[in-house]
Amino acid sequence: DAGVIQSPRHEVTEMGQEVTLRCKPISGHNSLFWYRQTMMRGLELLIYFNNNVPIDDSGMPEDRFSAKMPNASFSTLKIQPSEPRDSAVYFCASSSQGISSGNTIYFGEGSWLTVV
Amino acid sequence: GQQVMQIPQYQHVQEGEDFTTYCNSSTTLSNIQWYKQRPGGHPVFLIQLVKSGEVKKQKRLTFQFGEAKKNSSLHITATQTTDVGTYFCAAPRGGATNKLIFGTGTLLAVQP
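First to last, the sequence lines map onto chains A and B.
In this text, residue positions in the first sequence follow my numbering: the first is 1, and each later residue adds one.
In this text, residue positions in the second sequence follow my numbering: the first is 1001, and each later residue adds one.
Possibly wrong hints are sitting among the right ones.
Calculated pairs, DSS-like style, for lysine-lysine (alpha carbon to alpha carbon, straight line, at most 25 Å) [to be verified]:
#1 B/Lys1036 / B/Lys1099
#2 A/Lys78 / A/Lys68
#3 A/Lys78 / A/Lys24
#4 B/Lys1059 / B/Lys1036
#5 A/Lys78 / B/Lys1059
#6 B/Lys1036 / A/Lys24
#7 B/Lys1051 / B/Lys1036
#8 B/Lys1036 / B/Lys1056
#9 B/Lys1099 / A/Lys68
#10 B/Lys1070 / B/Lys1036
#11 A/Lys24 / B/Lys1099
#12 B/Lys1056 / B/Lys1070
Read the hints as simulated data drawn from the structure, not as lab findings.
Input sequences plus hints: build the corresponding full structure.
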């Protein structure tokens, strides 16, 4: 089975531009997570969805960030307008059931974003 | 809020030496998971511990969950260059939640 698929793998964009990151979770998984990783802040949970519904977006840095999950097989994370401090690796991950129930999450390979 | 701290942040060992990373929480955890991230890669699940005092082994890796379920450790015996990477512990934020909070990670460097 295919793992979590993310695109693009790498993106370099200019400050002020809109960035859209895409994710296809593992088929059958009903939880989807967006994480951001930087040297300074480590792995931060930005938002997660259960059954396509956003459950907790308290980790989203500010209004410039938005995430959607229109169906069970697709999610987007959008940054508009982008700023240099948004440069990071953005990971999408999915899980079959609740983390608290003991299920693990599977990460995609990440989208490496550089904003210049 | 719940925090998961790991120590050390970085460790450099000679190949063949042992390595241990520790994870500590301010609150009781329902379970704890360990992940490994190779340089340039993504976190990959290693193991999950659920029971108080639980010990699990995977070849040269030994994982422990504290009796109070507030701390955990990962010990690698006789490190190899393939062990290089960052090791993260992760735990659900309190309650029935899907929020998996990752520790700060320990970067392991192994010199051949």
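Q) If you check each hint against the structure, which ones fail? A) Going through the list in order, the structure violates hint 5 alone and respects the others.
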